[in-house]
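Using the sequences and the accompanying hints, generate a full structural model.
Sequences listed follow chains A and B, in order. The first sequence finishes on residue 377 if you use my numbering, and the numbering steps up by one all the way, no holes. The second sequence finishes on residue 434 if you use my numbering, and the numbering steps up by one all the way, no holes.
A portion of the hints provided could be inaccurate.
[Unchecked claim] Under the rule of at most 25 angstroms between Cα atoms (straight-line distance), these lysine-lysine pairs were calculated in the DSS-like manner:
#	chain 1	residue 1	chain 2	residue 2
1	A	K324	B	K366
2	A	K289	B	K366
3	B	K324	A	K308
Hints listed in this document are in silico derivations from the structure and should not be mistaken for laboratory results. Please read all numbers here as calculations on a predicted model, not as lab measurements.
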Amino acid sequence: GGIITQTPKFLIGQEGQKLTLKCQQNFNHDTMYWYRQDSGKGLRLIYYSITENDLQKGDLSEGYDASREKKSSFSLTVTSAQKNEMAVFLCASTRGREQYFGPGTRLTVL
Amino acid sequence: QQKVQQSPESLIVPEGGMASLNCTSSDRNVDYFWWYRQHSGKSPKMLMSIFSNGEKEEGRFTVHLNKASLHTSLHIRDSQPSDSALYLCAASIGGSALGRLHFGAGTQLIVIP
Numbered sequence: 268g269g270i271i272t273q274t275p276k277f278l279i280g281q282e283g284q285k286l287t288l289k290c291q292q293n294f295n296h297d298t299m300y301w302y303r304q305d306s307g308k309g310l311r312l313i314y315y316s317i318t319e320n321d322l323q324k325g326d327l328s329e330g331y332d333a334s335r336e337k338k339s340s341f342s343l344t345v346t347s348a349q350k351n352e353m354a355v356f357l358c359a360s361t362r363g364r365e366q367y368f369g370p371g372t373r374l375t376v377l
Numbered sequence: 322q323q324k325v326q327q328s329p330e331s332l333i334v335p336e337g338g339m340a341s342l343n344c345t346s347s348d349r350n351v352d353y354f355w356w357y358r359q360h361s362g363k364s365p366k367m368l369m370s371i372f373s374n375g376e377k378e379e380g381r382f383t384v385h386l387n388k389a390s391l392h393t394s395l396h397i398r399d400s401q402p403s404d405s406a407l408y409l410c411a412a413s414i415g416g417s418a419l420g421r422l423h424f425g426a427g428t429q430l431i432v433i434p
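So this is what it looks like as structure tokens:
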């Protein structure tokens, strides 16, 4: 088996701040994803990457940057945090079709 | 335009009852449907997937698919309080990057003891 870890678990930022979230997987999966989930809602795709150094925009990429320097890791940057923003950011990976999710990073912007 | 729609938004059933959740895609190129379950404060976990017409049963869970109408449904019989969760339907669409899923907004299921 494998595992996906996300750091930090909780992230508190200030309006306008640049914030970085990290994701690591040891499944040796090719494709990795970043999703945003607002309270009790579905998942919206921000960025995905099908291999090292590849980046593809999802449906919600504006306001975010991403980086995939190694196969095992995928980072997401919130370029300018919005006041009162609260959401959970989920990282996932897949080889083939089934997606496996990390535990999430909960973001609060003051 | 959202490619996957789920209904109802929320559902309350008594313990021991049947819960029925619906999901439809607006994209005719859907090739797989997935059902994920997400307990409060946890990450989504895959429940079942289906790609051919008909039904698939695993324990108390049954999934139906009608490819002509691009409609899938999840039925939970003998519902338990531990089934209370957000149920997410997702579709993989031919032509998209392999593994990319389009998620619906979810159905919040509450099972009352």
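Taking the hints in turn, this is what the structure says about them:
For the given pair, K324/A sits about 24 angstroms from K366/B by alpha-carbon distance, which is consistent with the 25 angstroms threshold. Taking the CA atoms of K289/A and K366/B, the gap is about 20 angstroms. The hint holds against a cut of 25 angstroms. For the given pair, K324/B sits about 15 angstroms from K308/A by alpha-carbon distance, which is consistent with the 25 angstroms threshold.
In this structure, none of the earlier numbered hints is contradicted; all agree with it.
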